[in-house]
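Student: These two chains come separately, so use the hints to put the complex back together.
From first to last, the protein sequence lines are chains A and B. Under this note's numbering, the first residue of the first sequence is numbered 1, with each subsequent residue one higher. Under this note's numbering, the first residue of the second sequence is numbered 1001, with each subsequent residue one higher.
Because the hints were derived from the structure by calculation, they are not lab data. Glycine included, C-beta positions come from ideal geometry on N, C-alpha and C. There could be a bad hint or two in this list.
What the hints assert, rightly or not - Stretches of chain A that chain B covers, calculated by requiring three or more beta carbons in the stretch to come under 8 angstroms of a beta carbon on chain B: (1) 36-46; (2) 104-112.
Stated by the list, open to error - Every beta carbon over 10 angstroms from chain B, so not counted as near; a handful from chain A, in silico: (3) Asp62; (4) Asn79; (5) Ala87; (6) Leu90; (7) Glu101.
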Amino acid sequence: DAGVTQSPTHLIKTRGQQVTLRCSPKSGHDTVSWYQQALGQGPQFIFQYYEEEERQRGNFPDRFSGHQFPNYSSELNVNALLLGDSALYLCASSWTVNTGELFFGEGSRLTVL
Amino acid sequence: GENVEQHPSTLSVQEGDSAVIKCTYSDSASNYFPWYKQELGKRPQLIIDIRSNVGEKKDQRIAVTLNKTAKHFSLHITETQPEDSAVYFCAPLGEDQAGTALIFGKGTTLSVSS
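Chain B extracted, bound-state conformation (with noise of 0.2 angstroms):
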């Protein structure tokens, strides 16, 4: 099955500044890439997502980039804000799957202090 890591497991920044988080994983027949946003006590939501035919997608101060050929994945914010303070997962999914089950990391807490 896949094997999904994210680094760093915490990220402190100043308010403005940027954050960048990676997502690595090991089926390389991957070929969706969502990054999901679960403040506290409340339900994940997908926030921005890429397919594999694409390097780069992004909306507003949020862009996903792709490495396939190193299999990882990175979620850019830049000018964070205090609202962007939350829990964020990657979740690839496999071509190779029968369903649509995201396997999701373990996660990377951000803190933007004002």
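Chain A with its partners taken away, still in its complex shape (with noise of 0.2 angstroms):
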């Protein structure tokens, strides 16, 4: 039983370049939610995903965006990219009906330059 697969596990862009980074949620969830993990920082709560549409919001701008498809993977985009973007990004997902536990990926190291 795979856990939750991201994809790409580190990249390297420029300002004001756009990034998509990919989750695959743990079989049998429905739900995949994304953070973003500054070094020294707890996750902050971007946004949550299920049955294909945003339920869910954190304080981030609109530059974030993201998407869940049919077989409930997820994208995060990043758009305008600025050198604050750079973190650790954390895809993780649950059942919505067992509300509460989530299960993380290894997440994917962006880096502004």
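Tutor: Printed below as a string of structure tokens:
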């Protein structure tokens, strides 16, 4: 049973570029949440997807957008990258009926130069 | 939204000692209280959780206690070992949230020296 998988694991972009990060949830999970974790900080909630719709959103600008596909996988898109977007981006999946427990992927480390 | 604070931010103990980390939250409707452990360079992983209908839960050397009146819950680790060294996050969940998005505290770095 595969856990949560994310790709790519590392990537480097320059300011102003756009990036897409991908996530496949744990088998049987239908909800995907995205978090940004800056160095030395706790994970900050970006948004959550369920039934292909954004169900909940944290305090992030519209430059951050996402999508969920019929197979429950998800993408996170960030436009007009800023230096401050450099962080570890974590995807977490859950089964919406079992509210609470999140299973995290290993993350995508984004560096913006 | 939920405001979450953890104390202390860093904690250093000797192997075999106990460690306690406290988490305070603002949403009185919160009903789920987990603790996550994140080792250096790894993903956060759930180590213990509790729901609002119980006051304490224990799993071997780890326990969580909940005080809903005071709006705080605590992680207790007994007989600490070097492998307990990590960053610990609390992430209470509010009942009135449409989703199941956990809001994480800033973390407590626990260092266990042998």
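Student: Each hint: holds or not?
Tutor: Outcome of the hint check:
1. 36-46: Three-residue rule met by the segment 36-46 of chain A, so holds; n is 5.
2. 104-112: holds (count 4)
3. Asp62: 18 angstroms, holds
4. Asn79: Answer for Asn79/A: holds, closest chain B Cβ roughly 22 angstroms.
5. Ala87: Nearest chain B Cβ is 14 angstroms from Ala87/A, so the label holds.
6. Leu90: Nearest chain B Cβ is 7 angstroms from Leu90/A, so the label is violated.
7. Glu101: About 6 angstroms separates Glu101/A from the closest Cβ of chain B, which leaves it inside 10 angstroms; violated.
Hints 6, 7 from the list above are not met by this structure, while the remaining hints are.
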